[in-house]
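**Q** Please construct the entire structure, taking both the sequences and the accompanying hints into account.
So for the sequence shown, my numbering puts the first residue at 2; every next one is plus one.
It should be emphasised that the hints constitute simulated quantities derived from the structure, not laboratory data.
One thing to keep in mind: the hints can contain errors.
Once the Cα atoms are required to be at most 25 Å apart in a straight line, the calculated SDA-like pairs of lysine to any residue come out as [as the list claims (entries may be wrong)]: (1) K57 with E72; (2) K35 with K101; (3) K120 with L151; (4) K129 with Y91; (5) K118 with F102; (6) K45 with K101.
Here the structure is a predicted model, which means the values were calculated and not measured.
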Amino acid sequence: MSDKSFDLILFGATGFTGQRAAKYLNDNAPDSLKWGIAARNPSKVSRIAETIALPKDRQFIVDTTIKEQVETVVQQAKIVITTVGPFSLYGEEIIAACAKFGTHYLDITGEVGFIRKMKDLYEEDAIKSGALLIPFSGFDSVPADLAALLISEKFSEPKKLS
Numbered sequence: 002m003s004d005k006s007f008d009l010i011l012f013g014a015t016g017f018t019g020q021r022a023a024k025y026l027n028d029n030a031p032d033s034l035k036w037g038i039a040a041r042n043p044s045k046v047s048r049i050a051e052t053i054a055l056p057k058d059r060q061f062i063v064d065t066t067i068k069e070q071v072e073t074v075v076q077q078a079k080i081v082i083t084t085v086g087p088f089s090l091y092g093e094e095i096i097a098a099c100a101k102f103g104t105h106y107l108d109i110t111g112e113v114g115f116i117r118k119m120k121d122l123y124e125e126d127a128i129k130s131g132a133l134l135i136p137f138s139g140f141d142s143v144p145a146d147l148a149a150l151l152i153s154e155k156f157s158e159p160k161k162l163s
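**A** Set out below in structure tokens:
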């Protein structure tokens with residue numbers, strides 16, 4: 002079993018959503034939460050880390066298409082949140098590593114076909130390792146979630162028809 006020295010690592014911290022997630026964590030996470038950021042571009046990682054005063058030892062340079070790089074980072078975390086998309090191009094190695102190392106996983110994808118494929122490929126590994134894989138955790142899935150909420154609010158309690 003590897004050492005889970007980080008509570009959370011945010012992949013994709015230099016992208017549109019990732020930057021906002023990093024700022025949110027910085028502003029709202031308890032001081033006791035040990036978290037870090039990961040992305041593929043070193044200068045962008047440094048820039049984001051500088052804006053939130055994140056120490057160098059909490060910054061990771063990772064190409065999410067390279068299994069070894071992803072595994073090195075994922076096995077250090079209890080939880081991975083990823084905003085790296087398109088997920089069909091950049092997400093598989095992260096899910097595979099989380100399933101392998103028992104690291105819990107959340108993403109913001111809306112790519113249904115991709116997640117179906119990942120479930121088929123990595124569900125058994127995740128069950129064995131104890132990893133919870135939670136896709137569709139916001140952003141792309143928000144419109145459908147809001148539509149379901151609005152529709153549910155329009156319906157009253159069921160009535161018996163005579």
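**Q** List, from low to high, the hint numbers that the structure doesn't satisfy.
**A** The structure conflicts with hints 3 and 6, although it agrees with all the remaining ones.
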